[in-house]
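Enquirer: As a plain string of letters, each chain reads:
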Amino acid sequence: MPDPSHIGRRYVAPGQLISPERVAAYASAVSGDDPTFSSGSVPPAFAAGYCVQPTLAEMFADPELGIELAGLIHAEQSFEWPVPVRPGDVVDAAAEVTSVEARRGLTFVTVGLEATNQAGETVCRGRTLLLTRSAAR
Amino acid sequence: MTAGRTPQVGDEMPALTRTVSQEQIAAYAEASGDRNPIHLDPEFARGVGLPGTIAHGFLEMAILAEAVARWAGGYERVAELGCRFSKPLLPGEAITCTGRVVAVDPVSGALTLQLEATSSRGERVLTNGRAVVRPDD
Chain A
1 MPDPSHIGRR YVAPGQLISP ERVAAYASAV SGDDPTFSSG SVPPAFAAGY
51 CVQPTLAEMF ADPELGIELA GLIHAEQSFE WPVPVRPGDV VDAAAEVTSV
101 EARRGLTFVT VGLEATNQAG ETVCRGRTLL LTRSAAR
Chain B
1 MTAGRTPQVG DEMPALTRTV SQEQIAAYAE ASGDRNPIHL DPEFARGVGL
51 PGTIAHGFLE MAILAEAVAR WAGGYERVAE LGCRFSKPLL PGEAITCTGR
101 VVAVDPVSGA LTLQLEATSS RGERVLTNGR AVVRPDD
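Read top to bottom, the protein sequences are chains A and B.
1 is the number of the first residue of the first sequence in our numbering; add one for each residue after it.
1 is the number of the first residue of the second sequence in our numbering; add one for each residue after it.
Everything labelled a hint here was simulated from the structure, so no lab data went into it.
One or more hints might be untrue.
As the list claims (entries may be wrong) - Computed far set for chain A versus chain B, every beta-carbon distance over 12 angstroms:
{"hint": "1", "residue": "Met1"}
{"hint": "2", "residue": "His6"}
{"hint": "3", "residue": "Ile7"}
{"hint": "4", "residue": "Gly8"}
{"hint": "5", "residue": "Arg9"}
{"hint": "6", "residue": "Val12"}
{"hint": "7", "residue": "Pro14"}
{"hint": "8", "residue": "Ala24"}
{"hint": "9", "residue": "Pro63"}
{"hint": "10", "residue": "Gly66"}
{"hint": "11", "residue": "His74"}
{"hint": "12", "residue": "Glu80"}
{"hint": "13", "residue": "Ala94"}
{"hint": "14", "residue": "Thr98"}
{"hint": "15", "residue": "Gly105"}
{"hint": "16", "residue": "Asn117"}
What the hints assert, rightly or not - Per label pair, the in silico range of CB-to-CB distance:
{"hint": "17", "chain 1": "B", "residue 1": "Glu23", "chain 2": "A", "residue 2": "Arg104", "range": "14 to 24 angstroms"}
{"hint": "18", "chain 1": "A", "residue 1": "Arg86", "chain 2": "B", "residue 2": "Pro135", "range": "35 to 45 angstroms"}
{"hint": "19", "chain 1": "B", "residue 1": "Arg35", "chain 2": "A", "residue 2": "Ala24", "range": "16 to 26 angstroms"}
{"hint": "20", "chain 1": "B", "residue 1": "Gly49", "chain 2": "A", "residue 2": "Met1", "range": "38 to 48 angstroms"}
{"hint": "21", "chain 1": "A", "residue 1": "Glu64", "chain 2": "B", "residue 2": "Gly47", "range": "21 to 31 angstroms"}
{"hint": "22", "chain 1": "A", "residue 1": "Gly120", "chain 2": "B", "residue 2": "Arg46", "range": "43 to 53 angstroms"}
{"hint": "23", "chain 1": "B", "residue 1": "Glu43", "chain 2": "A", "residue 2": "Gly88", "range": "39 to 49 angstroms"}
{"hint": "24", "chain 1": "B", "residue 1": "Gly47", "chain 2": "A", "residue 2": "Leu106", "range": "28 to 38 angstroms"}
{"hint": "25", "chain 1": "B", "residue 1": "Gly49", "chain 2": "A", "residue 2": "Pro82", "range": "30 to 40 angstroms"}
{"hint": "26", "chain 1": "B", "residue 1": "Gly49", "chain 2": "A", "residue 2": "Arg127", "range": "18 to 28 angstroms"}
{"hint": "27", "chain 1": "B", "residue 1": "Arg35", "chain 2": "A", "residue 2": "Pro87", "range": "36 to 46 angstroms"}
{"hint": "28", "chain 1": "A", "residue 1": "Glu121", "chain 2": "B", "residue 2": "Glu43", "range": "22 to 32 angstroms"}
{"hint": "29", "chain 1": "A", "residue 1": "Arg103", "chain 2": "B", "residue 2": "Gly49", "range": "41 to 51 angstroms"}
To be verified - Covered stretches of chain B, going by a simulated chain A footprint (3 or more residues, C-beta under 8 angstroms):
{"hint": "30", "region": "18–28"}
{"hint": "31", "region": "32–44"}
{"hint": "32", "region": "70–78"}
{"hint": "33", "region": "91–98"}
Values in this document were obtained by computation on a predicted structure and should not be read as measured data.
Note that CB positions come from ideal geometry on N, CA and C, so glycine has one too.
One chain only, chain A, in its complex shape (with noise of 0.2 angstroms):
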């Protein structure tokens, strides 16, 4: 069960290839066939594939922190992309527990998020928030 003391672990996946066979994958799966947009831009949201699910994959792995699957919500998710992530970059991702708090048997725990370029630009900033449940009562 994460509690305070676990904030300020750090969960990293480095070297997120963003190729074009993954960033069309997701289009479609997201979009169906339509090509409204060029092939050249990637869209937003991709962040939760080479952003978010590698370094929450780590997180939820972590035994110490101790999140459980079943009871987890997905609450609340923010991005900022000052650069655009383009098809070819090369991305490190990083999460980390920014806060944890236990309210009213559920615990609510705040993830930052951070991606960077090849060229050590920020691709990505992000927020999410999760909730689990706390110890059965």
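Given chain A's structure and the hints, the job is docking chain B onto it.
Expert: Relative to chain A, chain B alone:
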């Protein structure tokens, strides 16, 4: 956006409606790497208190991002996006994303939109939505 006219506070983004099938949820799981069984396995989902499988919040957010990008003229115009995942979207339901301009930066021309999404069951599935759209280069 209407060509040749500066967007103004109160301008509405055209609504985007998409029906989300279990097949699309499965494709999204593969494309994003998020294979949490609450999205894929009805028995598992019911076991954790859900009515059945539910769409990924990130799939809903990606459709919201697409709505903004269609209106703004491309994925790379979307500088920020955030929302709260208030209610689950169930397979077979349609999601409708709406929004309007609430601020125009007088210096940069960046636009802030307030957004939300409702399901065909009438639930407000995404609330507190907010996006920032970069001005044209």
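Enquirer: Does each hint fit the structure? Answer for all of them.
Expert: Against the structure, the hints:
Remark: the non-interface label on A:Met1 is consistent with the geometry, its nearest Cβ contact in chain B lying 17 angstroms away (cut-off 12 angstroms). Remark: the non-interface label on A:His6 is consistent with the geometry, its nearest Cβ contact in chain B lying 21 angstroms away (cut-off 12 angstroms). Chain B leaves A:Ile7 outside its interface by the beta-carbon criterion, the shortest separation being 22 angstroms against a cut-off of 12 angstroms. With 12 angstroms as the threshold on Cβ separation, the claim that A:Gly8 sits away from chain B holds: the shortest Cβ distance comes to roughly 23 angstroms.
For A:Arg9, the condition that its CB be more than 12 angstroms from all CB atoms of chain B holds, with the nearest at approximately 21 angstroms. Separation of A:Val12 from chain B is adequate, the least Cβ-Cβ distance of about 16 angstroms exceeding the 12 angstroms criterion. Non-interface call for A:Pro14 relative to chain B: holds, since the shortest CB-CB distance, roughly 16 angstroms, exceeds 12 angstroms. Not every beta carbon of chain B lies more than 12 angstroms from that of A:Ala24, the smallest distance being close to 9 angstroms; the non-interface claim is violated.
Taking the minimum C-beta to C-beta distance to chain B, about 18 angstroms, the non-interface status of A:Pro63 holds against the 12 angstroms cut. Every CB of chain B is more than 12 angstroms from the CB of A:Gly66 (nearest about 17 angstroms), matching its label as outside the interface. In this structure A:His74 is not separated from chain B by more than 12 angstroms, as the shortest Cβ-Cβ distance comes to only about 5 angstroms. Distance check on A:Glu80: its Cβ comes as close as 5 angstroms (rounded) to a Cβ of chain B, failing to clear the 12 angstroms threshold; non-interface status is violated.
Taking the minimum C-beta to C-beta distance to chain B, about 17 angstroms, the non-interface status of A:Ala94 holds against the 12 angstroms cut. Separation of A:Thr98 from chain B is adequate, the least Cβ-Cβ distance of about 16 angstroms exceeding the 12 angstroms criterion. Every beta carbon of chain B lies more than 12 angstroms from that of A:Gly105, the smallest distance being close to 14 angstroms; the non-interface claim holds. Non-interface status of A:Asn117 relative to chain B is upheld: no Cβ of that chain comes within 12 angstroms, the nearest being about 14 angstroms off.
A beta carbon spacing of about 37 angstroms between B:Glu23 and A:Arg104 contradicts the range 14 to 24 angstroms that was offered as a hint. Range check, A:Arg86 to B:Pro135: Cβ separation about 20 angstroms, and the 35 to 45 angstroms hint is violated. For B:Arg35 and A:Ala24, the Cβ-Cβ distance of about 19 angstroms falls inside the hinted range of 16 to 26 angstroms, so the restraint holds. At roughly 19 angstroms, the beta carbons of B:Gly49 and A:Met1 sit outside the given window of 38 to 48 angstroms.
The hinted window of 21 to 31 angstroms between A:Glu64 and B:Gly47 holds, with their beta carbons roughly 26 angstroms apart. Separated by about 47 angstroms at the C-beta atoms, A:Gly120 and B:Arg46 satisfy the suggested range of 43 to 53 angstroms. Checking the proposed 39 to 49 angstroms range against B:Glu43 and A:Gly88 shows it holds: the Cβ atoms sit about 41 angstroms from each other. The hinted window of 28 to 38 angstroms between B:Gly47 and A:Leu106 is violated, with their beta carbons roughly 19 angstroms apart.
Our hint of 30 to 40 angstroms for B:Gly49 and A:Pro82 holds, since their Cβ atoms are close to 39 angstroms apart. Between B:Gly49 and A:Arg127 the C-beta distance comes to about 26 angstroms, which sits within the given range of 18 to 28 angstroms. Take B:Arg35 and A:Pro87: their Cβ atoms lie about 24 angstroms apart, and the range 36 to 46 angstroms is violated. For A:Glu121 and B:Glu43, the hinted distance range of 22 to 32 angstroms is not satisfied, since their beta carbons lie about 45 angstroms from each other.
For the pair A:Arg103 and B:Gly49, the supplied restraint of 41 to 51 angstroms is violated, since their beta-carbon distance comes to about 20 angstroms. Evaluation of the coverage hint for the region 18–28 of chain B: fulfilled, as 3 residues show C-beta separations to chain A shorter than 8 angstroms, against a requirement of three. Remark: the region 32–44 of chain B is confirmed as covered by chain A, as 4 of its residues place a Cβ nearer than 8 angstroms to a Cβ of that chain, reaching the required three. For a cut-off of 8 angstroms, the count of residues in the region 70–78 of chain B with a CB near a CB of chain A stands at 5, and the three-residue condition holds.
Restraint check on the region 91–98 of chain B versus chain A: 0 residues with Cβ-Cβ distances below 8 angstroms, three needed, restraint violated.
Violated hints, listed in ascending order, are 8, 11, 12, 17, 18, 20, 24, 27, 28, 29 and 33; each of the other numbered hints is respected by the structure.
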